[in-house]
Structure formats: C-alpha cells, structure tokens
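Undergrad: Note that the protein sequences, when read in sequence, are chains A and B.
In short: position in the first sequence from 1, add 9, done, that's the numbering used here.
In short: position in the second sequence from 1, add 9, done, that's the numbering used here.
Honestly, I wouldn't trust all of these hints.
Same chains, same label: a pair holds when it works inside one copy or across any pair of copies.
[As the list claims (entries may be wrong)] In the BS3-like style, the derived pairs of lysine-lysine whose C-alpha atoms are separated by at most 30 Å in a straight line are:
| hint | residue 1 | residue 2 |
| --- | --- | --- |
| 1 | 202 | 477 |
| 2 | 412 | 103 |
| 3 | 172 | 277 |
| 4 | 77 | 40 |
| 5 | 220 | 202 |
| 6 | 468 | 428 |
| 7 | 40 | 283 |
| 8 | 202 | 165 |
| 9 | 534 | 166 |
| 10 | 492 | 428 |
| 11 | 464 | 428 |
| 12 | 220 | 283 |
| 13 | 40 | 99 |
| 14 | 220 | 77 |
| 15 | 99 | 44 |
| 16 | 435 | 77 |
| 17 | 88 | 44 |
| 18 | 412 | 99 |
| 19 | 492 | 166 |
Don't read these hints as lab results, they were simulated from the structure.
There are 2 protein chains.
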Amino acid sequence: MDKNQKPIELIASWDTLQRIFIRPEDEASRKTLLKYMEQILFGLHDFLNTNVGVTEEISLKELTRDFKNTLINKDPEKKLTDVITDIIDKIAPKAVNVASPYFIGHMTSAMPFFMVHLKTIITALNQNVNKLETSKILSVIEKQILAKIHRLIFNKKENFYHKHVQSIDTSLGAFTTGGTTANLTALWVARNKLFSPYQDFEGIENEGIAKTMQTFSLDRLVVLVQERAHFSLKKTGGLLGIGNKNIIPIPVDSKHKINLKELEKAIKELSNNKKTKIAAVVGIAGTTETGLVDPLNDMAQICKENSLFFHVDAAWGGPVLLSEKYSHLLKGIANADSVTIDCHKQFYMPMTSGMIYFKDPLSMDQIAYHSNYVNRPGSVDIGIKTLEGSREANSLILDSALKIMGSRGYALLIDHGIKTAKEFAKEIKKRKIFEIITEPELNILTYRIVPPDLKSKLKKVSKDQKEKIENLINDINIKVQRKQREQGKSFVSRTRFKISKYDRIESVVLRCVIMSPMTDINILKEILDEQEDILTRLDIKI
Amino acid sequence: MDKNQKPIELIASWDTLQRIFIRPEDEASRKTLLKYMEQILFGLHDFLNTNVGVTEEISLKELTRDFKNTLINKDPEKKLTDVITDIIDKIAPKAVNVASPYFIGHMTSAMPFFMVHLKTIITALNQNVNKLETSKILSVIEKQILAKIHRLIFNKKENFYHKHVQSIDTSLGAFTTGGTTANLTALWVARNKLFSPYQDFEGIENEGIAKTMQTFSLDRLVVLVQERAHFSLKKTGGLLGIGNKNIIPIPVDSKHKINLKELEKAIKELSNNKKTKIAAVVGIAGTTETGLVDPLNDMAQICKENSLFFHVDAAWGGPVLLSEKYSHLLKGIANADSVTIDCHKQFYMPMTSGMIYFKDPLSMDQIAYHSNYVNRPGSVDIGIKTLEGSREANSLILDSALKIMGSRGYALLIDHGIKTAKEFAKEIKKRKIFEIITEPELNILTYRIVPPDLKSKLKKVSKDQKEKIENLINDINIKVQRKQREQGKSFVSRTRFKISKYDRIESVVLRCVIMSPMTDINILKEILDEQEDILTRLDIKI
C-alpha cells in the first residue's frame, strides 16, 4: 500500500469491523450490496461470452509474474468493491470459460443459472450438516434426497424407504466432497466389511491392516477394476493401505469395456491363493476417458457367485438413470453394493459435491466414529458415518434442482448429450482425416487425426515402420490439440491408450465431452473445421 | 403435482431448458434474477434475527414428518421463485441460526457478509483447480495464497518463497475440503515418508501395508497424540490402514495439555520394540473441546531428537498467527513438518474449506498421482498431489478476504475472542453455582454447574459417595444444557472428560466458543443468567 494513502476504512475501528458481520439495514447499504451481486452475476457475463481461454503452457510464466509476493498485508489492500471489480476485470478474463459451448474437453460445463442462486443460499445459511445442532432441518432434507437418489439406483420397495428415509439408525448414503472421497468411502466400507470384529479381533478399522493380515494369515488385499478406471481408484488403494499396486487392472475387450473373461480368470487365480483376499470389484459406469459403461449386470452376477463386494463408480454416468430413453445403459447398477455419483458433473451443480450410496442401510456402520462433544452414540448426526467432518448443505441444491427441473428436465439434458455425441461421431466418420476411436455410448467420444496418406501407409508397412508412423500420428494429434487450445476459441482434451490390445504403443486420442445444452452439431463441425485448418498449416515431416 | 395443474413452464420445451443455461440478456430477466438475490441476501435476514433454533431432540419426529416422500417428480414441482420463497419462509426458520451472537456452542459463527459475495463469485466462475485446463489463473492465485500462509507458519526466507511460490515441481501445501482431509493428507504423507521406495521395494503407497510390514519385519505402525485430539485423527488411523487402536492416546497433564513426560515415555517404550514404527507425533493447536494448545516447541524438540514426523493440527488455532498479541501462543509451530488450518473456522469463511501445509516443499511428492488425460507428469496441475480431485477455488476467497481485512482485521477478531473469553471466565468464577473447568487460552472455555450445597458435600464424602454426587452433577449439566437448547434463545454445547486424572468418572462440562464479534460479555452474562434460571426450576433430587 502507498504509504501516503490513508488506511482503508474497513478496519479503522472495531465498530466498522463489527459492522461487516451484520447485514446492513439501511436502504443505501442494501443497494450497495445488491449492486455487488449485479456485478457478479452480470459482470462475469462478458467473460463468459469471450473465448474459452485455456492457456498455452508457454504463457504460464507470464501469467505467474504478478503473483509472487508472499507477504500478507497488515492493513487492508483494497475495498470490497475494488476486490470484486478486480476479479471481474482482471482475474475472470484469465480464467477458463468452462461454460462456453466450445469447451468440450472436460467434465465441466455451463450450469443452469439458478445453481448460483442456490449455492448463495446455502452459503448465507452456512449450516454444517455434520451435526444436527448446526443444521437441523437441513439434515432432514439431506436424508430425504439421499433416499430419493437411492431409490433411483436400487429401486427397493416403498416400505423399505418409508423405514429408512428418516431413520436415525441407518444410512442410505452420504454426500461427499466429490467422486474421489465417494470412491474412497466405498472401498473403505468394503475393506472393513471383509474384516468385521470377530471374537478377540476388533475389526480391521480398529486393529489396522498389519494385525489383520497376521490374524487371518493373509499377505495381500486386492481390488479389481478395469485398466481405464479413474486414477482416484488407485489413489484410494494407496490411501487405504491396500497399496495401489494391488488395485489390479483388468484388461478391456475390443469394445473398451472390462473383459469379463479376464475378470473371471483374475478372480479365480487370486482366490486360489489362500494368502490373498479380494476386497472389492469395481465397475465403471462411464469411464472418464471414453464414457463407456462396463457390463454391470454381468459383473454383479460374477460378484454374487464369488461373494465379492461390487462397487460401481457412476460418478459420470449416474444421472443417466433419470432418462427414460437411456437408463437401460446402466442396467445392473441396482445389484451393486455401493454406487458413486457426482453432483458437479451430470447433475450440473457447482463444484464441489459428490455422493456415495449403499444398497445395505447398515453398510456405513463400518465407518462410524463418535466423539463426546458431537456425534454422540445414538444421535442423529449425519457426520457419524462420513469421511468428511464439517460439510456445507449441498444436498439442498440437489433437492431444489430436482424440484425446479423434474427428472424430465434432467433427462432432456442427458438425451441431448447422447444424441449430439452420436451425430458428432457420424460427422467425424464422414471426414477423411479423422478416425473415430470409441463410439459414444453416453456423451463422451474419442477420435484422432490420421492424414489419409498415413492411413494408407499404415496398412502396408512392417511392424517396426508401423510404430514409427503411429508415433508420428501421435505427434500430430498432440500438436493440433495444443494449437487449438492456444488459439483459445475451443477446447478438446487429449489422452492416450492402446486402441487395440495388439498395439505396441499407446495412441494419442482427442476426447470430447458433450454436456452443455448449447453445444450442438454446428459448433462441433466448427471445431473439426478448425482442427482440419490447423493440420494443413502444420509442418509435418513424413 | 396437482393433476389438473399445467406442467410448469420450465421444461415445456427444449428452448426454455436451454435458456436457463444462459444468463438472461433483457432488462426484465436481469431484474428478476436480481430480485431473487435480494430475497436471498435480505429475506434470510429475518431468520438470522430470531432465535438460535437448535432443535430439541423430541421434535425431530415432527420435523421429519413432511420429508418422507422418496419419489423424484417427473415434472417440475415448483418454479425457481417458489423454491427460493419456500426456503426463506419454510426451511430457514427451521435451520439453526449459527450467526446469532447467542450461538456459542460450536465452531461456526457469523461471517463477514462479503464472504457470501465471494462464494457467489467462485460459484459463477465454476473453475476446477484440480487442473490448469479448468482453472488457469485460479491455480496461480492458489499457489500464491498457499505461499503466504506457509510463510505465516514457517517464516522461511524470501528467496525460499521466491523459488517455490509458483514452482511447477514443488508444493508448499494444498487446499482441502476441511480439517479431516487435511489431517488425513498429513498422516498419509508421514506414513509414506517412512517407507519410501528403496531398491526393489516400491514404497508403501505402491506396495501396501501388508507387504511393507513383511519387508521391514514390522508388525505395527503407530501415531502418538494427546487423548483429547479431534476424533478425525482416529478416523485417519482407520482409513490409512494403521488402525485407530494404533493412534495412541497420550494422557494430558493437570493443565489439560499433552503430558510431555508421558509422551517421551511412550516414544521410548515404542521405539524399544523393534517390530513397531512410529509414523508421526501430532500436536494440537487448539483442541476442539478446550481450545488449549499443546507445548509445540517442546514437542518439536522431542520429535527432532527422535527423528519423528511432527504434525500440528491447528485447524482451530492457526489464524491466531495473524495476531501480534497472541501469535506467541503457537510458538514452535514453525518446527512442525506439517500443519492443518481450517478456512471455515477462524478465517471466517463459508463451509467447506481447509488447508494442509508442509515445511518441506517436496513432502507432497509422496502422494503424487498422474493420469493420461489430466495431471500428466510435468504438468502444473495442482491436483497431482491432493487427496481430493475436482475442487472449487476457495483459495480466491481467502486471498480476497485477506486483501479486504488485512492481517490486522483478522487480528481484531482473534483478540476480541480471547479477551471476551477471559472476561467470561472471570464472570463464571464470580458466580456461586458455576465452576470453571478449563481457563481460556484461546477463545474456548469449559465450565460446569455445581450447586453450592453439592460443592461442599463433594469435599467431605467418601470416594463412592463422591461418584454418586458427580453423576448427579453430570445429570444437572445435561438437563440445563438441553433445556437451554430447547428454549431456543441461546446455545452452548456440552462434552465430557475427566477433569483430573484421579477422577473415576468423566464429568459433563459446558463448552463455549467465542468467535463472533457480536458476542460480548453482556450476552454471555445473559446466557449464564438463563442457566441459573433453568437450574432453579429443575426438580433435583439430592
């Protein structure tokens, strides 16, 4: 702060500080506060109408230049109004316009505008649903919406829900802070279920893994999941002490879904080893990379036959259950033991919110923790059985959104995404320089650029030469994706995996997620046009 | 929905649905949206001016009566305006007024009103700081504010911060979704540091605990922490596979802080057992129940001598470092290996936000995870080394709040809380029926009601009779606390612990957290008056 400047009024006295804790009563102050909100709601609008703004990596240095001071100012640096203006004028233009219909690279998109209102409500209420004493009716609403989504997934009978919806003793699920902690909660429960207290043994949660392995003469816990599962599942293995090496990757089949024969083979082999225990099998309902859904019904059957815990990571695909047209794609999910669904993905809610559900309302007893000052045994505090402690009431947002949109409103969004992805796939196949890699089952697809002359070469050459060409194709795809990102008009992401199990190297593919209702086939054609254009300007040496 | 009613316009067509994803352009729609915000900002005001509204347990049945339907409506049930009105008129009055100056029972209070604006901004931007491609400048700001708080804690030299503030390769800390995941991250890192990759052994994160114990001929991992630590630490032990039994509780001394002799004794005994490894020692900077700070400097010294990882849970007390007057209370925190601080506690931010810091900028490499579609090796994505995946940019709120308030603004709040708590303790000691249990060091204190005749009896009687009277006193305190809660004007919480190590039973104590700047000694006197009044009406059988 300029030394000649007077300190900003805000902390000039205790009185002014105290005042910022009370909502102002007089008309003038109310108007000021509202004006800020207007700035926030509509000032950010301009930003949202410009380019997608994903940064080229080179410019990061430049971007960081002004953000290196690490001292906290003693006195206020800026008034609230200047902070807000700065964010709108200087920060927002350097953020990423995830709401653009041209931003189709990640699982974040535009939201209905009322989501901002709903989040503002829960912020203003500032309830902590960890405990009834800081949330009261919000805890009740949370239990109700959990039951509604549980019913959508597991479709148990009315009397089941009547019994459990507001039950103090049982839990149908929990809100989490995202898919990672939801998956973590599921595998935590699965691990603990396998080694419940028995006689002198107080259960794995109490005793720890070392003692548990000793007690049962084991030396290894494993979890089985297809090779393309979200990396949070490996992280979960590390966190829970299972070891991420023991999150065993099962190969995918030619359709890029878990290979059931390989799964059965792995289960058999692992079960034959008396020192190994399988803690869970995980099915993916919409992989992050391809959006494809594992054969959940068959997996559930295999798990049942082998008495294994079956978790479904439907972080992405879960809300498809709201679509009458496409819910069949998740067939078998009702036979899972637990299911992850994210709120900030296809429920179109703001960051950061996820959910975990358990078929058995007693499952979460496996992770119950009590304390003396809250969450006392016998209390109705939701936090007794959640990984997280303090938690905002995101449940009220989901509850309200479902009331405002109805399941049909959500279904329209889901159906649009899948329909548009299919149209997009057709368009890709029409164009000579592209090759579709994974057809969309939900609203995600992958493809890549293969210039026609390289395509024909690939068919003729020897294995070694083929690898060389594949590397060149990878290089082209990386360059085009980066260039498009740098141009800032649109954004698709890229990833890499083996297209066929016979491949020697992983292929770079372009990945598109079609979730914004504003993203239509014309926009997608423009994005392909741009890629074609970039390709023609590339200096490729074959 | 009433069958005769027309379906609500919102989903009548694809067009209307699509429209809710775009901020309306015309003046009329803008006004409507703003009107909603006005309702939210000021409609909730009335609720905040009434009672604290913590529910009596009996009425829970009544409260849940209208929240048992578990079917999701196909069509919209309500328009946005009705949903908002309903929340303000019907939900908010049944929530808990955590912003009341009479709500002093938990670590949640009024916030500066601009926090609602700031949260609305990050919601509208909807950036995901997990990856640069969905956050760009917000990732840069996050790294800067992390460095600022790291400097506040560890106070390294300018060139250290210049090197690391925007470094791609190192991490000074991370935002988490709260204290639980912050503590979990710390102990996760501590566990992994102990068993890094070495020759054929790929590290505990990869190999899992079972294999690790085998490799090093161990049978037990432990963590040492005082008996009154937050229960999330035990939970952490369970989650990480250490076993919550192995989170060894060290007794407190007569001042209710960790007993250093007992700590040293435990370290010695455990170290003598070659099959046991101590993963970490944890100090508490502000226990949840009493707000007391462990002797961090001494603990750091002991850990250094024994080459042990030292974590400090300063979820509550961390921001006291901003107070020139009281920062000395946390002396020694700079010698910790890791520190937890919550944002939604004494940084007065909305739920849900916490932070974890590491002295060594390479510590978080222990928990690095990569994937092919984001968080690629070498990328600057923050999410590579965080427990959580997708995450909202709460860092922008802290950054802005520090700019608006300055460290002095926060210091005024901290100083007020401590000063008022000390005044409150004096007042308690003045009144005959009360007994102070833990004097406030920070802004939390505990006391209990002991009617004078029982107090004098306690001094004379035998051990068995004493226990009977103690039980009666407990009963009185529970009844008074409950009754006060039911009356709905004010709220203190209660907990139970042994007041002295010679006690046979745990005592019920009343617990107050003084954090709202609107809570002053007059309000606190009123709260004591009310308790005295309730006591006189109680039917006590001695």
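Undergrad: Enumerate the violated hints, using their earlier numbering and listing them in ascending order.
TA: 1, 3, 4, 6, 7, 9, 14, 16, 19
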